[in-house]
Amino acid sequence: MRIPCPHCGERDYSEFRYGSDATKPRPAHGEGDLKSWHDYYFLFDNPKGPHTEYWQHVLGCRRWFKLARNTATNEIGAAP
Amino acid sequence: MSNRYSAFAVARHALQPDLPWPRAWTSAEPKKSYDAVIVGGGGHGLATAYYLAKNHGLTNVAVLERSWIGSGNVGRNTTIIRSNYQIDGNTQFFEHSLKLWEGLSHDLNFNCMVSHRGQIVLAVSLVQLDTLARKGNIMRLNGIDAELLDRGEVMKLLPYLDYSNDARWKIYGALLQRRAGTARHDAVAWGYARAAGRLGADIIENCEVTGFVMENGKATGVETSRGTINTGKVAIAVAGHTSHVAAMAGLRLPVESHVLQAFVTEPVKPMVDHVVSWGAELFYLSQSDKGGLVFGGHIDGFNTYTQRGQFPKMQSVVECAVSLMPFVSRLRLLRHWGGIMDMTPDGSPFICKTPVRNLYLNGGWCYQGFKAAPASGWTFAHTIANDDEHDLNRCFSLDRFEKGGEMDEYGLGNWTYKQ
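Keeping their order, the protein sequence lines are chains A and B.
The first sequence maps to residues 1 to 80 in our numbering.
The second sequence maps to residues 1 to 419 in our numbering.
In short, the hints are calculated from the structure, not lab data.
Warning: the hint list may mix true and false statements.
Unchecked claim - Residues on chain A that point at chain B, a partial pick, calculated with CB under 7 Å: (1) Ser14; (2) Phe42; (3) Ala72; (4) Asn74.
No residue lacks a Cβ here, since even glycine has one placed at the ideal position from N, Cα and C.
Next up, chain A with everything else stripped away, as it sits in the complex (with noise of 0.2 Å):
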């Protein structure tokens, strides 16, 4: 799989890290139960389909970006 890194260009996957669904919205500092901040550490979608994640190009500029992937083929669509 080739990954578009927003900074230096279409790389292989193996230079990225992947860092998961980037759609689950984060409970302020200091707010929230402790329901909200399970359901938001442990739980997904974890849809087969489109998908939009985090990734971070580690063995390059170190930058990490969203990317629209699809998980049912792996088809990269562009970056949301």
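Using the hints provided, position chain B relative to the given structure of chain A.
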């Protein structure tokens, strides 16, 4: 439906070569209603149907498989069975499973080719050898066999490893579990399907579940590609796709789906007599009865439902193989494939009730589904029949992260697989 397999039946078929062996199990048509419906005809679902009938007398049961029996992870793993765990809960559960493996072929009247060839976990540092000694002690305190081997003993058992001064990872010793080994994975699916079918369960192939029928927060049936089926209890056993199926019931789970690759080389003469695991990187290898070296490593590292692996992971797993056993560099890889794993935060599964009444969940198997299948079906059947967990699976509940009940085998906290 065929008769019982026996030496007499083999002789009869040998004398009458034209007499065909009957099909091992009946692929049934769905009825309008069942006492219980199991979604997923893999190792866990079929085992559940068998133990529901055998242990709890529940025989009006259907197993719904969207494809064919054995098409999923039960036929995609590296076939290893073992019980070398160290935290309470896992230790007892996996030992129960290994004990079921020991009598499985007789119990099912189907040769599952269970081979207790032993598993050897190699230590590549003195610290690692200490942790293996600790694990071995925990196993022995639980009545499980474990032997600590020093370097010399490992050299006798595994003479083909790299013991040279140039070895990238020096081998200091190992932990051996002699009762561990391998089983024929397809035979496990067929054996459970046949045994469950003989007791009355309907094994229904090419029947995909597309939704759940709910009444007042209670599951009362399933919508399938072959019509609606009413039922008193619905059990999900679709590891790999657990999130996808549970979402139809409105559940969000602590699960991400990842691909795990496995590899097999061209066949060679018998050489590797054990299951060999390695401490330098997650890596495990055994030799199949056909002669191929079967091995695997870590997941690719990002969530996906595609059953195909990425090349860089293939490269790193093969590097492990060659670094440990230099002769592997002269073999050709015959095949590699991927299976989809439910990865959970703590690396442990779910066998439990769910917030939806009469809906039961079996999933989250991470890498360890195959060896667990007998105990998984055994305890899941108990949970379904009694609407309550058995002591062996009480720790695998869905709400354990809310209650601080993580089952992190390595003691490293959550998300070790993402590090």
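To see whether the hints hold, each was checked on the structure:
Against a cut-off of 7 Å between C-beta atoms, the interface hint on Ser14 (chain A) holds, since the closest Cβ of chain B lies about 4 Å away. This hint holds: Phe42 (chain A) has a C-beta 4 Å from the nearest C-beta of chain B, less than the 7 Å allowed. For Ala72 (chain A), the interface hint holds, since its Cβ comes within 7 Å of a Cβ in chain B; the closest pair sits about 5 Å apart. Look at Asn74 (chain A): its Cβ gets to within about 5 Å of chain B, closer than 7 Å, so that hint holds up.
Violation of the numbered hints given earlier is absent; every hint is satisfied by the structure.
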